[in-house]
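Trainee: Just so you know, the sequence shown maps onto residues 491 to 1229 in this note's numbering.
It is worth saying that the hints were derived from the structure and are not from the lab. Note that the Cβ used here is the ideal one computed from N, Cα and C, for glycine as well. There could be a bad hint or two in this list.
Using 25 Å as the maximum straight-line C-alpha spacing, the simulated DSS-like pairs for lysine-lysine come out as follows [said to hold, decoys possible]: (1) Lys-706 <-> Lys-721; (2) Lys-1224 <-> Lys-955; (3) Lys-721 <-> Lys-748; (4) Lys-495 <-> Lys-570; (5) Lys-765 <-> Lys-553; (6) Lys-953 <-> Lys-1217; (7) Lys-953 <-> Lys-907; (8) Lys-553 <-> Lys-757; (9) Lys-1216 <-> Lys-953; (10) Lys-955 <-> Lys-990; (11) Lys-553 <-> Lys-536; (12) Lys-765 <-> Lys-660; (13) Lys-864 <-> Lys-765; (14) Lys-1069 <-> Lys-1157; (15) Lys-748 <-> Lys-718; (16) Lys-1141 <-> Lys-1099; (17) Lys-553 <-> Lys-755; (18) Lys-814 <-> Lys-907; (19) Lys-972 <-> Lys-953; (20) Lys-671 <-> Lys-748.
Taking CB as the label site, the calculated pair distances span [to be verified]: (21) Thr-761 <-> Ser-704: 22 to 30 Å; (22) Asp-771 <-> Asp-534: 33 to 41 Å; (23) Thr-802 <-> Thr-908: 41 to 49 Å; (24) Tyr-846 <-> Leu-894: 27 to 35 Å; (25) Ser-832 <-> Arg-729: 38 to 46 Å.
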Amino acid sequence: MTIGKLIVVCQSGGKFTTNADGTLSYSGGDAHATSLTVDTKFDDFKSEIADMWKYDLDSLTIKYLLPNNNRTLITISTDKDIQRFLEFHEDSASADVYVLTPAPPAPSDVTSTPCSRFSHTMPNVSVSPVDAPTDVAADEPIYTADTPMDLPSGAEDTENQKTPRISPWKSCITGVGQSFKTRHELHDAWKKFSLAHSFHYRINRSNGKLFHASCKAEGCPWVLGASKLSKTNLFRIQRMNDTHTCGVGSLRASVSGKFVASIVKEKLRDTPTCKPVEIIDYIRRDSGIELNYSQAHKGIVVALEELQGSHTKAYSQLPLLCEKILETNPGSAAILNTKEDSSFQRIFVAFHASLYGFWNGCRPLLFLGSTSLKSKYGGELLSATALDGNDGIFLVAFAIVDLLSDDNWHWFLQQLKTVLSTSHEITFVAGMKKAMSESLGSVFPNCFYGYCLHLLTESLKKKFKGSLSLGVVRVLISEFHKAAYASTAEEFKKCVETIKIVSQEAYEWVLQTEPEHWANAFFKGARYNHLKSSVTESFYDWVSDLRAMPITQVIETIRRKMLEFICTRKMDSDQWSSKLTPSAEEILRRSLVDSRSLEVVLSPDSSFKVRDTLDVMHVVSLENWECSCREWQLNGLPCLHAAAAIEHVGKDVYDYCYRYFTTEAFKLTYSESINPIPSLDGCTEQESSEVLVQPPGITRPVGRPSERKSADKPKQAVKRRCSKCKKLGHNKSKCDQSA
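Please take these sequences and the hints and turn them into a complete structure.
Mentor: So this is what it looks like as structure tokens:
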């Protein structure tokens, strides 16, 4: 449904439990109902909830579960969170939110609750055991989906609520006689134990036979010794002094990236784009451990490598990946280039299903674009994207290159020419570049090159930013777009003349941008009224999460998403009963409705004259599929004038629609499937006959590095420009020419 009013069931006073499959269930408590709209502010929503249960406004937390994910609680704390909540539940009539408040503190027990991490040990005074309860400071209770939770429903163990993950770590080492399967398991348990009890340690010896560690505090007798049992991998604790004489330890832990990775791996599996600051906050709340930025970043790198694989190794697997693509998907293309030193340069991939779908169901129209990869070695993702008959994006081919350059674009177009292997005229839409124009002209001599209207608009903004007011620039952009979409030379001229009146400089700029490459009135190719390469932006939106993956994972994830599109759209089209796709049917329906008020007159030359409601006469030729308004030629579907003429002679309007918009062509687009590629895990580069591929060198980004803002650096005052004399340094009210 459209995002309008959503009924929200607010629940509080119950508790969450974790099921066997890891999902969360909520039971008990009270419920109240309210509603949310796109205009609702978070502060108002929170105040309303606080009034429902008479809660303290500053103490409550609002959370919810995603529609298809009952494992992770999501927090609502800003207006943007409200908007996301509405978007996630746009197909629902109602949704649940859970109002959480801190549990009241348990009654004080002086005998069991120490005032610090450990009791201070003095001569002739008994010492608390190391597994006694500790008090790890935290600002607020933490609720996670990783462990069973008893949320606010009475007095709870406040300490365990604050650090739900770290609590079991306090007893992971029990004493002499405890055994561990391996030395690494012992080391991991020791690390967790020291973190849970907040003391720093020193490993005195750690090898294949012995493990010896002690408290790092000077003079503290805490010590642990373990050794390997003969003829096994087991390590058993042989000696342990659990007495601490040191003071309160620091909560800032000295942990390795691998240890941090073990904590955050599951979180990164669901949200691989987490930033280090988010991981720092997550571990602080979840485990009570304070990390610095470097520790969090290293943990993310290690965890992602364990989840996704090594970035370096991925390049060595590329030759084998190309072989597997060709074996599993005959008719596909997978071309790998390396430099003289065997370092990666570029790879081109085009699946047979995409090539078949493009030539049998899509318009001969391709949008070229690129986006930067965010992996360890960087790179650029180049793409050639088409549109299906329902105006959905359809990836034809893509390439990953070491850097964005004219040479790599030229190579990409050469490979594209090879796999398309046709002399048919193709229209390309891309940014306005001289090198691109030259490459297209040499590789596709019969093609048409349309400049992207969006990129031209950005150039216009940049050109006149500062010299013209924001309001004037908006007028120029509006007229510029009207000129681009104008179907006739007369309409184009009117729009350009308006630009000339507003700004002579802008008028000259428009003429210098070669209107024959972007204006409908003069463009000779067939863009079907798609003047922007925003199609490629849509493609990059659904690949944005994979840009930080290893290169082999990028290719495999794109393949999976393409297969998902094929399967989904194939099932959707099986439900269609119309001759045209839904979007084309709607356009044609509007033309038919609007045509009923038009007057049709047969001309002597077998064409038709159609008079519209503004008393303007249009000439329609059914034989040539043309109308003087040129909308039929531009869109590929009969305009209202053509529809009136077709209805006038009693012919079927569907016979005058381009075949690309038919349901039959749409089904042909998605008739072929993309076969799975065997996993490369466990495979070695020796299985491929190709040379070993090394990662590309990490190059310095083009351009001057941006300056880091400094509080010590004085800000430069913005000079005002007088709207009367156009000079800097004063405004209209203080202008000398005001008299």
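Trainee: Provide an ascending list of the numbers of those earlier hints which the structure does not satisfy.
Mentor: Violated hints (numbers, rising): 1, 3, 7, 12, 21, 22, 23 and 25; every other hint is consistent with the structure.
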